[in-house]
Amino acid sequence: MPNLYCNIISDLCAGLVRGLGLTASCKIGEGGIALAEAVHGSAPDIAGKNSANPTALLLSGVSILCHLNLHDKVDQIQNAILDTIAEGKYRTADLGGKAKTTEFTNAIIDHL
Amino acid sequence: MTTARSIIPLLNRLISRSQPSRSVTYMHRPGDGSPRPVTLIPGDGVGPLVTDAVEQVMEAMHAPVYFEKFEVHGTMKKFPEEVLDSIRKNKVCIKGGLATPMGGGVNSLNVYLRKELDLYASLVNCFNMRGLPTRHENVDIVVIRENTEGEYAGLEHEVVPGVVESLKVITKFCSERIASYAFEYAYLNNRKKVTAVHKANIMKLADGLFLEACREVAQKYPAIQYNEIIVDNCCMQLVSKPEQFDVMVTPNLYGNLVANTAAGICGGTGVMPGGNVGAEHAVFEQGASAGNVGKDSIVAQKTANPVALLLSSAMMLRHLQFPAFADRLETAVQKVILQAKVRTKDLGGSSTTQEVVDAVIDALD
Numbered sequence: 001m002p003n004l005y006c007n008i009i010s011d012l013c014a015g016l017v018r019g020l021g022l023t024a025s026c027k028i029g030e031g032g033i034a035l036a037e038a039v040h041g042s043a044p045d046i047a048g049k050n051s052a053n054p055t056a057l058l059l060s061g062v063s064i065l066c067h068l069n070l071h072d073k074v075d076q077i078q079n080a081i082l083d084t085i086a087e088g089k090y091r092t093a094d095l096g097g098k099a100k101t102t103e104f105t106n107a108i109i110d111h112l
Numbered sequence: 001m002t003t004a005r006s007i008i009p010l011l012n013r014l015i016s017r018s019q020p021s022r023s024v025t026y027m028h029r030p031g032d033g034s035p036r037p038v039t040l041i042p043g044d045g046v047g048p049l050v051t052d053a054v055e056q057v058m059e060a061m062h063a064p065v066y067f068e069k070f071e072v073h074g075t076m077k078k079f080p081e082e083v084l085d086s087i088r089k090n091k092v093c094i095k096g097g098l099a100t101p102m103g104g105g106v107n108s109l110n111v112y113l114r115k116e117l118d119l120y121a122s123l124v125n126c127f128n129m130r131g132l133p134t135r136h137e138n139v140d141i142v143v144i145r146e147n148t149e150g151e152y153a154g155l156e157h158e159v160v161p162g163v164v165e166s167l168k169v170i171t172k173f174c175s176e177r178i179a180s181y182a183f184e185y186a187y188l189n190n191r192k193k194v195t196a197v198h199k200a201n202i203m204k205l206a207d208g209l210f211l212e213a214c215r216e217v218a219q220k221y222p223a224i225q226y227n228e229i230i231v232d233n234c235c236m237q238l239v240s241k242p243e244q245f246d247v248m249v250t251p252n253l254y255g256n257l258v259a260n261t262a263a264g265i266c267g268g269t270g271v272m273p274g275g276n277v278g279a280e281h282a283v284f285e286q287g288a289s290a291g292n293v294g295k296d297s298i299v300a301q302k303t304a305n306p307v308a309l310l311l312s313s314a315m316m317l318r319h320l321q322f323p324a325f326a327d328r329l330e331t332a333v334q335k336v337i338l339q340a341k342v343r344t345k346d347l348g349g350s351s352t353t354q355e356v357v358d359a360v361i362d363a364l365d
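First to last, the protein sequences are chains A and B.
With the UniProt record's numbering applied, the first sequence corresponds to residues 1 to 112, in that order.
With the UniProt record's numbering applied, the second sequence corresponds to residues 1 to 365, in that order.
Since the hints were derived computationally from the structure, they do not count as laboratory data.
Treat the numbers as computed from the prediction; the structure is a model and nothing was measured.
Taking CB as the label site, the calculated pair distances span:
hint : chain 1 : residue 1 : chain 2 : residue 2 : range
1    : A       : His67     : B       : Glu137    : 38 to 44 Å
2    : B       : Glu137    : A       : Gly96     : 17 to 23 Å
3    : B       : Gln225    : A       : Pro2      : 32 to 38 Å
4    : B       : Glu156    : A       : Arg18     : 36 to 42 Å
5    : A       : Ala43     : B       : Gln225    : 20 to 26 Å
6    : A       : Asp75     : B       : Glu243    : 37 to 43 Å
7    : B       : Ala153    : A       : Ile64     : 38 to 44 Å
8    : B       : Lys341    : A       : Ile64     : 51 to 57 Å
9    : B       : Arg215    : A       : Leu70     : 49 to 55 Å
Sample of chain B residues with no beta-carbon within 10 Å of chain A, all distances over it, derived:
hint : residue
10   : Arg36
11   : Glu176
12   : Leu211
13   : Ala324
Built from N, CA and C at the ideal position, the CB exists for glycine as well.
Isolated chain A, as found in the complex (with noise of 0.2 Å):
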């Protein structure tokens, strides 16, 4: 079952480095087709409350852009979001801070 030690496994790694919220991933099939999406579940306990990291879901764009030769996109993009959780003023609740996840959201904008 290489699928499910997968999803263990993975899981497992965005743990070690504390970030089941900062984790993307890339599934590429045979014909180019590829979906990215965040490591993380639907989360339904934090639903609603604008409380969620983004960040896995973001760096998951930047791994389509990737995916898409737009590379100059992929390091502002990436960069301000790395700058911005360097920075460690706006930061989403499973980071220990106490940013919504608008406000992260604003603070990366804001470095692009």
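Guided by the hints, dock chain B onto chain A, whose structure is given.
Just chain B now, kept in the frame of chain A:
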């Protein structure tokens, strides 16, 4: 400046102060002190090294056990009937791992033994040891894993060339009895919470049945908290916040993974004790990854860590109702770990198995 030499007496006083000065009275029945026979299987790889460690320490303590030793190897076609008879007679066995070749259609003799004797519960205690700092603190997890069915049912077939089907079997009967064992364990050992590990969002029928059984048993123990966690999230939580877990009950494969992960967090499979138990028999072995027989280099240099099997043998002594001997053995092992002078490579040291055994024997009171 305090040197290592001056710290040791301080540590010793600290340890003795933390032990009660008067031992808990265990009123035995006359005749309880007669030596009990235990089947011993050295096994393959590092097995003989670590079972020999147990023999030496038991002898040093004059523990009321004697061993009936049998050679069994993973390469044997069948598990020898005389060994099974011995275990059936003695009810208790302690063993090293039996090497299982990868693939090739040869089934594991470790798994065979568990199924043949219906040792339906595998138990591993993963906990922080004083003197062995790890990334996390306050971890004390007991993983209780269903040991006879699930993904280890051994039912595989090739449908057409290049397509293999593997059957995972989950039964109400086995799920109920493992859940009962887990809750009973929690009750008897004053544990507060039991967590069921599953992937019922995908394997709705199989893991769903397992959860159903757990929920039914949970109702009989209203004083014990019960919750459920999906296995991938569980692994993630184990490596980030393991202190949230207490007793965990799992089907076969997830239990294997969770036990090894939990052991890894607390210092490795070289130190965690455990065993397998059924209605009639108990087989003690290294807690997690018991089938692992170690690298050739460890065998050659005789540097296997005997701590896991020594602590499992302490569990065995308690199982045989010799609590004072179990306490003495555990205290000695804990002292050696705390002092950090004699340690095998997996704990960051460079000692041999024999050096650890000698240190434990020295530390016995």
